[in-house]
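Participant: Single-letter residue listing:
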Amino acid sequence: MEPTRSSGAGSGNSGTYTPEIAESLRFEEEIQSLMRENTVHPSLEPPPATGGSSFTALLGLPANQAVELLHDPDSGDSPAASGGCEMWRFRLRDPKVMTLPSGCSPTFPSNASLVERAARFSIFAAEDSPEAASVPSHTHSSDHSPKPKAEPPDSDSQPICPIPGERPQRPAKRKEAEKGIKVKGPAKKGRSAEEGSAKVAEDNTGGDKLPYVHVRARRGQATDSHSLAERARRGKINARMKLLQELVPGCSKISGTALVLDEIINHVQSLQRQVELLSMRLAAVNPRIDFSGVDSFLSAECGRVAVGNGRGGVGMEQSAWMEAPAVNGGRRQQQQLQQQQIWHVDSVHPHQMPSVWERDDPSHLFNPGSSLLGYEPANSASLHINQLKTEL
Amino acid sequence: MEKQDSNRSLSFIDTPTAANAGFLERGRRIKMAAEMGLVESSRGRHWSRALRSRLLRRKGNGACGCKEEGLAPCKVAEDLVGEDGDDEVIEIERRVRALQKLVPGGEDLAMDQLFEETADYIEALQGQVNVMRALAGLLDGLEKEKRLMGG
Numbered sequence: 001m002e003p004t005r006s007s008g009a010g011s012g013n014s015g016t017y018t019p020e021i022a023e024s025l026r027f028e029e030e031i032q033s034l035m036r037e038n039t040v041h042p043s044l045e046p047p048p049a050t051g052g053s054s055f056t057a058l059l060g061l062p063a064n065q066a067v068e069l070l071h072d073p074d075s076g077d078s079p080a081a082s083g084g085c086e087m088w089r090f091r092l093r094d095p096k097v098m099t100l101p102s103g104c105s106p107t108f109p110s111n112a113s114l115v116e117r118a119a120r121f122s123i124f125a126a127e128d129s130p131e132a133a134s135v136p137s138h139t140h141s142s143d144h145s146p147k148p149k150a151e152p153p154d155s156d157s158q159p160i161c162p163i164p165g166e167r168p169q170r171p172a173k174r175k176e177a178e179k180g181i182k183v184k185g186p187a188k189k190g191r192s193a194e195e196g197s198a199k200v201a202e203d204n205t206g207g208d209k210l211p212y213v214h215v216r217a218r219r220g221q222a223t224d225s226h227s228l229a230e231r232a233r234r235g236k237i238n239a240r241m242k243l244l245q246e247l248v249p250g251c252s253k254i255s256g257t258a259l260v261l262d263e264i265i266n267h268v269q270s271l272q273r274q275v276e277l278l279s280m281r282l283a284a285v286n287p288r289i290d291f292s293g294v295d296s297f298l299s300a301e302c303g304r305v306a307v308g309n310g311r312g313g314v315g316m317e318q319s320a321w322m323e324a325p326a327v328n329g330g331r332r333q334q335q336q337l338q339q340q341q342i343w344h345v346d347s348v349h350p351h352q353m354p355s356v357w358e359r360d361d362p363s364h365l366f367n368p369g370s371s372l373l374g375y376e377p378a379n380s381a382s383l384h385i386n387q388l389k390t391e392l
Numbered sequence: 001m002e003k004q005d006s007n008r009s010l011s012f013i014d015t016p017t018a019a020n021a022g023f024l025e026r027g028r029r030i031k032m033a034a035e036m037g038l039v040e041s042s043r044g045r046h047w048s049r050a051l052r053s054r055l056l057r058r059k060g061n062g063a064c065g066c067k068e069e070g071l072a073p074c075k076v077a078e079d080l081v082g083e084d085g086d087d088e089v090i091e092i093e094r095r096v097r098a099l100q101k102l103v104p105g106g107e108d109l110a111m112d113q114l115f116e117e118t119a120d121y122i123e124a125l126q127g128q129v130n131v132m133r134a135l136a137g138l139l140d141g142l143e144k145e146k147r148l149m150g151g
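Chains as they are written, first to last, in my numbering: chain R, 1 to 392; chain D, 1 to 151.
Since the hints were derived computationally from the structure, they do not count as laboratory data. Glycine included, every Cβ here is placed at the ideal spot set by N, Cα and C. There could be a bad hint or two in this list.
Label pairs and their in silico Cβ distance ranges [to be verified]: (1) R/G250 with D/A18: 42 to 48 Å; (2) R/E246 with D/E25: 46 to 52 Å; (3) R/P249 with D/K59: 50 to 56 Å.
If you want the footprint, here are the derived chain R segments under chain D, 3+ residues with CB under 8 Å [claimed, not checked]: (4) 235-241; (5) 267-276.
Let the hints inform the model, and build the full structure from the sequences given.
Facilitator: Shown next as structure tokens:
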């Protein structure tokens, strides 16, 4: 599975981007020198590191310079006719580009920090394929889209500022976004035709939903609507997988989709079984209510239901299944020897990890265990009542 | 997919005798109540609706008014690992199908939504388990007290 990084992760990856940041700074100097000649050239393209188009180049520009470019109509009319310049031209000529909503300053923060931040937020930068080469371009291109990625972690709202930069890519991902929140700009297709760097960035993936997903085609990949849509979907799926990993204890260390899914499946199964066992336990707890005249066998049954501690002999094959609570001592008195034998039988079942969840009846691993007895009886009863109330 | 009922999961009660039949039935009803509790706790969710309709179906209620969603296409795993080798895709797909069976209503869902539902389902299950455990502990305590008091 491709390593993904949600926008909220920010897990100190910025360190790895230092070489790329340095490179991007170098690249910016190049751009500046080129700009001084006031000729917009395909040579504006970034160094062979990205080998990209001028689209990428524009994105790679430091923010103020890019805005400068946008402001300057003259330089916009004579870009070279490389495929990538198409977009560039479009952007320069489009007057709408200039209207930034009020309150949004066109001057972005310092470049290096932006790049760093965006690189951290960009999950794409960690993905495979022309990675080394495209990472710089990603960090470049992320210059222009720091806001949508950086801001949603802060607030799930308006990446309004980068409209000029974002509009071209918007349509592809918007198709994808089920929860497409902000309609940023016109959905223009053709420009992203050939272009270079694209990445999938997750917005606010730590939360319950993804507002929208930026999708950009990677260098060398097709940028037609289908693949972009697919890529967006994959990004969403990866984000959700991350969320699941966080939910399941001990899952974040595991790498590899299949193993992670294994863990998730185990966890769900264990929880379902806990529900069953607890319901059986509850069935035995208060026999007076429903049962009349069955007290005799109920005392025997109590042992059956009594979820024993480890003494019950049920092997805990998967430690991941169980939290490790304190054992409720009160239960032991209800342990019947016969019961222990029964539990033993169940635990003897071979532990077939990979196939256990393939059957329709994955019930061979019997896993009651001490985790069900996490509570002191009387003392915390009132506390639990309150918990019950709040939970319900 | 019918969730395996308690008989199959708790193998030691596979053969209900006269002695424990009443107890089993009570256990099953409690489990159903627990699942309804699950449903009620997360009403808007797809898995919640699916579980609810399954429960109502079991109770014998025909008209639950639930809407059947179209089946998701079969190639579930390709979304995730479309670029990887076939082996991996197969492996992952097997697991995804297993997950689909576990999560109520999961078979209708494509991968991304399936994961989302799974996350919510896990949370709800965990909450339910906590509640039931607390309840069982409480009742145990009360029973013990009662016994101590000479009940």
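Participant: Are the hints correct? Go through all of them and say.
Facilitator: Cross-check of the supplied hints:
1. R/G250 with D/A18: 42 to 48 Å: 44 Å, holds
2. R/E246 with D/E25: 46 to 52 Å: 39 Å, violated
3. R/P249 with D/K59: 50 to 56 Å: Given about 34 Å between the Cβ atoms, the range is violated.
4. 235-241: holds (count 5)
5. 267-276: holds (count 9)
Comparing the model with each earlier hint shows violations of hints 2 and 3; every other hint is respected.
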